[in-house]
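Chemist: One letter stands for each residue in the lines below.
Protein chains: 2
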Amino acid sequence: MKSAGGRLLAGLELHRDAAQPLHRQLYGQLRTQILTGSLPSGTRLPSTRTLVAELGVSRITVVSAFEQLTAEGFLRSRAGDGTYVDTLWSDNAPRQPLSRPPLSERGAATSSRGADLSGEAPQAWAPAESESFVASQVAASAFPAATWKRLLGRHAGSTEQFMNGYGDPHGHRPLREAIADYVNDVRGLGCTPDQVIVTSGAQQAFNVLAVLLLDAGDTVVVEDPGHISGRLAFQSQGCPVRGVPVDAEGAVLPDENDVESPARLACLTPARQHPLGIAMSPARRAEWIAWAERNGSWIVEDDCDSELRYRGKALPTLFGLDLSRHVITVGSFSKVLAPSIRLGYCVLPEDLVEPFASASSIIGRPPATVLQAALTDFLSEGHLHAHLRRTRRLYAARQDALLEAIDQRLSRRIQAEQVDAGLHVMGWLREPLDDIEVARGLAAGGVYTYPLGEYRVTRRLPPALLIGFAGTAEDHMPEAVGRMAAAWDRWEQLGARS
Amino acid sequence: MKSAGGRLLAGLELHRDAAQPLHRQLYGQLRTQILTGSLPSGTRLPSTRTLVAELGVSRITVVSAFEQLTAEGFLRSRAGDGTYVDTLWSDNAPRQPLSRPPLSERGAATSSRGADLSGEAPQAWAPAESESFVASQVAASAFPAATWKRLLGRHAGSTEQFMNGYGDPHGHRPLREAIADYVNDVRGLGCTPDQVIVTSGAQQAFNVLAVLLLDAGDTVVVEDPGHISGRLAFQSQGCPVRGVPVDAEGAVLPDENDVESPARLACLTPARQHPLGIAMSPARRAEWIAWAERNGSWIVEDDCDSELRYRGKALPTLFGLDLSRHVITVGSFSKVLAPSIRLGYCVLPEDLVEPFASASSIIGRPPATVLQAALTDFLSEGHLHAHLRRTRRLYAARQDALLEAIDQRLSRRIQAEQVDAGLHVMGWLREPLDDIEVARGLAAGGVYTYPLGEYRVTRRLPPALLIGFAGTAEDHMPEAVGRMAAAWDRWEQLGARS
Chain P
1 MKSAGGRLLA GLELHRDAAQ PLHRQLYGQL RTQILTGSLP SGTRLPSTRT LVAELGVSRI
61 TVVSAFEQLT AEGFLRSRAG DGTYVDTLWS DNAPRQPLSR PPLSERGAAT SSRGADLSGE
121 APQAWAPAES ESFVASQVAA SAFPAATWKR LLGRHAGSTE QFMNGYGDPH GHRPLREAIA
181 DYVNDVRGLG CTPDQVIVTS GAQQAFNVLA VLLLDAGDTV VVEDPGHISG RLAFQSQGCP
241 VRGVPVDAEG AVLPDENDVE SPARLACLTP ARQHPLGIAM SPARRAEWIA WAERNGSWIV
301 EDDCDSELRY RGKALPTLFG LDLSRHVITV GSFSKVLAPS IRLGYCVLPE DLVEPFASAS
361 SIIGRPPATV LQAALTDFLS EGHLHAHLRR TRRLYAARQD ALLEAIDQRL SRRIQAEQVD
421 AGLHVMGWLR EPLDDIEVAR GLAAGGVYTY PLGEYRVTRR LPPALLIGFA GTAEDHMPEA
481 VGRMAAAWDR WEQLGARS
Chain B
1 MKSAGGRLLA GLELHRDAAQ PLHRQLYGQL RTQILTGSLP SGTRLPSTRT LVAELGVSRI
61 TVVSAFEQLT AEGFLRSRAG DGTYVDTLWS DNAPRQPLSR PPLSERGAAT SSRGADLSGE
121 APQAWAPAES ESFVASQVAA SAFPAATWKR LLGRHAGSTE QFMNGYGDPH GHRPLREAIA
181 DYVNDVRGLG CTPDQVIVTS GAQQAFNVLA VLLLDAGDTV VVEDPGHISG RLAFQSQGCP
241 VRGVPVDAEG AVLPDENDVE SPARLACLTP ARQHPLGIAM SPARRAEWIA WAERNGSWIV
301 EDDCDSELRY RGKALPTLFG LDLSRHVITV GSFSKVLAPS IRLGYCVLPE DLVEPFASAS
361 SIIGRPPATV LQAALTDFLS EGHLHAHLRR TRRLYAARQD ALLEAIDQRL SRRIQAEQVD
421 AGLHVMGWLR EPLDDIEVAR GLAAGGVYTY PLGEYRVTRR LPPALLIGFA GTAEDHMPEA
481 VGRMAAAWDR WEQLGARS
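In order, the protein sequence lines correspond to chains P and B. Using full-length UniProt numbering, the letters of the first sequence map in sequence onto residues 1 to 498. Using full-length UniProt numbering, the letters of the second sequence map in sequence onto residues 1 to 498.
Anything over 12 Å on all C-beta distances counts as not near chain P; from chain B, calculated:
| hint | residue |
| --- | --- |
| 1 | Thr192 |
| 2 | Ala248 |
| 3 | Ile278 |
| 4 | Leu379 |
| 5 | Met426 |
| 6 | Arg430 |
| 7 | Gly445 |
Output of the computed footprint for chain B on chain P, the stretches with three or more beta carbons under 8 Å from beta carbons of chain B:
| hint | region |
| --- | --- |
| 8 | 147–155 |
| 9 | 197–207 |
| 10 | 308–322 |
It is worth saying that the hints were derived from the structure and are not from the lab. In this text, a Cβ means the ideal position worked out from N, Cα and C, and glycines have one as well.
I would like the entire structure built from these sequences, with the hints used as guidance.
Modeler: This is how it looks when you write it as structure tokens:
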């Protein structure tokens, strides 16, 4: 019969002034000693009286810790013979804590998909800030915060929102109606409220569609360059992607003679190719719809920032042109309102609605009811239209200011042209540099952009930066671009020295 | 050169009193005729003057519709020779709208995973209502709505929440700190805030973990019977599940001689086996941790309703007992607050935190910032503790009322025993009926429960219903159980006749 005595007592350190009560401290430290094997199974513990005396604590402290450890199977009392470490926990020789090698030392610990995903998130090295050139940045100051607060407040106190469990898996019915009105009006979709499902942003829709429509191994056509997180949603489901180039009419169709079987799905950005900004021509739209019909393939139409258009009319969505029901349109309020609101939608052919809702209730579940209720009022009371009018003016002015500042401060490094829609311009590098290196170099100087290279699938592209203009106020633009120019100079000098 | 004339005009129907302006109506109807091929390519349209006269509309209406259709590639003007349907759209013979066969006629339209998921959502036939016996129902009336409204209001108007893009992919930092304090205090996890990631409920955590840790084909051990949507998260990633039975000590370990390779992950509910309600014994906890360590497998510990305990002390989490860093704990505020709030968390070993955040920023993204900020205050100002104290008392009384009412009205049909924790009792059927049939029969009478049969993987179990008690007020319980008894009688009579 081993006895603990000295070793146990030497390892205990109780702090009277800690937030945690003494009996919890004693419990935790004894548990760790047992789990790590430094108190091996079968060890007899000192008597309550000894511990009280040695530790200078009350009897109730010791008894309370012992009781908890006994209830949890760490200790066992033998009548008239004291308390022992139970055999459950430390049959083996003393173990080191953290006996698993760190992930970095064993490649197979996460899945191959997990490995694909890690490090891909651009947030890691280009954090969004209140003012930055990150392309997904919106004007925080333009957000109608008082209105939003009022609408949230209108619904936040209602107990109704808590009465229906997780909420309707299709989304809040009044919001589906308001979204149908909105997309029919602004984007000409021609859908009923029954075809609309509310999601937590576009990404959730991509994830549900990937699970719903694709088996692992099914090929997906994506634009090259194209939307990063859309592509990752499909890749994370084990689906290989095939990039198609983008020309002046938009995404080019895949060469059907070139492959054994047609792709099961194509993910496209017809309204405004992401990131290049090209609007798909009517002819190309017709070709894609015919492609889907001919092959029985799906088209996922990412329509996410189509409303932010400064000049010219938007062309109608593929969804509105497709009579054969192969098109699914995904939209989001991240760009027109704010990404942190996490609200979006998916418009589906009728017979996909229920399968999508079932899959969504597993994969995503609808967003918080209070947010859906507030957005309903925001749409139906006309606040979104007013906000769009305001931000279109604001962003058009910010773009002009950006282009002017680039012209003055950065024209020897990049060439940028006005865009008709969206939140960023393409800044084409005048020298044959690696754009990912340039973006990292600028990030080291606190200036955040996205490099075009991150958007490529396999195709080599001329180097460019996506320069977002929505997050920087017009009168700050010269200074912000000046900082970019200075960061670039510093990065170049560092490179020249090394 | 074909001319449209009569056929075109016969197909047009414009409504002066419709909400849509006349030019949009004309545009839409012409577009449909072109898309469906009833106006084939090359068709010459009647002149503007003819249309104005025939339709009784203004010239600007016709011109505006023609301009839009021309911009979109549907029409083409030939100088001095009128307007023609462009060749883009209707090269083929007239097509029927809806040329894709409905999904129901082609099994391969959705993925095999999609097919697995459809119809699985129990919401479809057991909708949560303000008062029902659905096991995930909470007491809507007990929710501290005024406090929640105040806290949401505190953050809803701040523009700060809109300044950092999608928000920190780990979650709002102050909330991670508040959750770490909470789980360390209430559940003894012993984690740092850096190990906590905020999610939109537990389901999102399961989905991210499935992508992060598993490759398609990897086996996952699940409890049989067990959590439905947790299992589906893994199945939807193409991972086969292997059910292990549950005995009086909790989930039984898989027989390792029986299989070629050990499972890569086990998903367990040690605090309170879902749905049976058994707390895993200390010995069984030690065995599972040793299993994970021996096989290099992961344990996902679903700790979702562990805080709602009415009697006895909760045993510590596997996370807190595991020194070898193979355990990930998933928690949710769906049960302690409300499912429609969509907030949960995942506590990870240090080296999984960044991979999880990367994958999560693709698969889920963090919940809306305003909800995270409000929950931070709700936790740090002690409202959750107060709410837990109140609901524990409330639910204990509701459980007593349920058991008493069952005793009086349903004891010849079911046998139910008091549970120490959670939101439902198991109502074991006294007759060898199919519990899924019974639940559907009751649902037809407006009484919603979940049948145990829905929770099984492969094992046959005695028939039972999960009867939730949290959603029904104490003084309504006799009547609600009376309705259940009446619905049961009616269902039985229908069956006897058929």
